[in-house]
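Chemist: Residue strings, one per chain:
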Amino acid sequence: EAGVAQSPRYKIIEKRQSVAFWCNPISGHATLYWYQQILGQGPKLLIQFQNNGVVDDSQLPKDRFSAERLKGVDSTLKIQPAKLEDSAVYLCASSLYGTGLSTEAFFGQGTRLTVV
Amino acid sequence: GNSVTQMEGPVTLSEEAFLTINCTYTATGYPSLFWYVQYPGEGLQLLLKATKADDKGSNKGFEATYRKETTSFHLEKGSVQVSDSAVYFCALSGLTDSWGKLQFGAGTQVVVTP
Chain A
1 EAGVAQSPRY
11 KIIEKRQSVA
21 FWCNPISGHA
31 TLYWYQQILG
41 QGPKLLIQFQ
51 NNGVVDDSQL
61 PKDRFSAERL
71 KGVDSTLKIQ
81 PAKLEDSAVY
91 LCASSLYGTG
101 LSTEAFFGQG
111 TRLTVV
Chain B
1 GNSVTQMEGP
11 VTLSEEAFLT
21 INCTYTATGY
31 PSLFWYVQYP
41 GEGLQLLLKA
51 TKADDKGSNK
61 GFEATYRKET
71 TSFHLEKGSV
81 QVSDSAVYFC
91 ALSGLTDSWG
101 KLQFGAGTQV
111 VVTP
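Residue numbers (the working numbering), protein chains in the order written: chain A, 1 to 116; chain B, 1 to 114.
Don't read these hints as lab results, they were simulated from the structure. Yeah, the Cβ is synthetic: ideal placement off N, Cα and C, and Gly gets one too. One or more of the hints may lead you astray.
Label pairs and their calculated CB-CB ranges [as the list claims (entries may be wrong)]: (1) A:Gly28 - B:Tyr39: 21 to 29 Å; (2) A:Gln17 - B:Pro40: 26 to 34 Å; (3) A:Glu68 - B:Gly78: 41 to 49 Å; (4) B:Arg67 - A:Lys78: 39 to 47 Å; (5) A:Glu104 - B:Gln81: 19 to 27 Å; (6) B:Ala17 - A:Gly3: 26 to 34 Å; (7) A:Ser27 - B:Asn59: 22 to 30 Å; (8) A:Lys62 - B:Gly78: 42 to 50 Å.
Model the full structure from these sequences, guided by the hints.
Modeler: In C-alpha cells, the structure reads:
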C-alpha cells in the first residue's frame with residue numbers, strides 16, 4: 001500500500017515570498033491533516049479536512065496560510081507571504097476516518113521549509 | 001484544553017539498557033493515547049496506542065499502559081538497541097474531537113550507544 005506522498009521534500013525561500021506544498025493521502029482515506037512541526041517541538045495541527053470539507057482550522061494563521069482539498073483527494077497548503085517564523089517541517093497525514101475513532105493516522109515524510 | 005507533557009531529552013542509554021519515557025496528559029473525558037516514533041530522516045510512525053483505561057499497547061518490545069488515575073501513558077522497553085535511536089512523541093486524541101486531531105507532546109530524543 002502506498003503511503004502519504006508529499007512534495008517537495010525541501011524548500012528554501014526568502015521572507016515575503018510565497019510557497020506551496022502538495023500532499024496525496026492514502027487512497028480511500030477520508031480525513032486529511034496538515035501539521036506544522038517547529039524544531040524541538042511536537043507537531044501542531046494547522047487544518048483538518050473530512051473529504052473536501054474543513055473540520056478544524058482554528059490554528060491556521062488565515063492571514064497568510066491557506067489550504068484546499070479539491071475533490072476530497074489531494075491537498076495543497078500555501079503560505080503567502082512567508083515569515084521567518086514559518087521555518088518548520090510541514091507534515092501531511094491521513095486516516096480512514098479520524099483517530100478519535102481508533103483509526104491510525106499515517107504521516108508523510110514532510111516538507112522542510114527554511115525561510116531566510 | 002487538551003495537553004501532553006513528556007520528559008525532556010536527550011536520553012542517552014547503552015545498548016540493552018532499560019528505557020522509560022514519561023508522558024502525562026490533561027484532557028476531558030477518556031482520550032485515546034498514542035506513541036509515535038520518528039527515526040532519522042523518516043516520517044512519524046505509530047508505535048503503539050491504547051483507547052481506554054488500563055489498556056496496554058505494545059509493539060516491537062515497547063509497552064505503555066493507559067493509567068487514568070495518574071493521567072499517564074509512560075513508554076517502556078526492557079532492552080534497547082542502537083536501532084531504537086529516534087525521537088518519540090506521546091499524543092492524545094480527545095473524544096470531543098469528533099474526527100480525531102492529535103495533540104502531541106514536545107518529543108523525547110533517545111540515543112542508544114553500542
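Chemist: Holds or violated: the 42 to 50 Å window for the beta-carbon distance between A:Lys62 and B:Gly78?
Modeler: At roughly 47 Å between Cβ atoms, B:Gly78 and A:Lys62 fall inside 42 to 50 Å, so the hint holds.
Chemist: Take the C-beta atom of A:Gly28 and the C-beta atom of B:Tyr39, compute their distance, and say whether it sits inside 21 to 29 Å.
Modeler: Once the Cβ atoms are compared, 26 Å apart, the range 21 to 29 Å for B:Tyr39 and A:Gly28 holds.
Chemist: Given a hint of 41 to 49 Å, does the C-beta separation of A:Glu68 and B:Gly78 actually sit inside it?
Modeler: Once the Cβ atoms are compared, 47 Å apart, the range 41 to 49 Å for B:Gly78 and A:Glu68 holds.
Chemist: Quick one: are A:Gln17 and B:Pro40 within 26 to 34 Å, going by C-beta?
Modeler: holds, 29 Å
Chemist: Taking the Cβ atom of A:Glu104 and the Cβ atom of B:Gln81, is their distance within the range 19 to 27 Å?
Modeler: holds, 24 Å
Chemist: Starting from the range 39 to 47 Å, see whether the pair B:Arg67 and A:Lys78 falls in it by beta-carbon distance.
Modeler: holds, 42 Å
Chemist: CB of A:Ser27 to CB of B:Asn59, is that within 22 to 30 Å?
Modeler: Given a distance of about 25 Å, which is inside 22 to 30 Å, the answer is holds.
Chemist: Within 26 to 34 Å: is that where the Cβ-Cβ distance between B:Ala17 and A:Gly3 falls?
Modeler: About 32 Å separates the Cβ atoms of B:Ala17 and A:Gly3, which means 26 to 34 Å holds.
Of the numbered hints stated above, none is contradicted by the structure.
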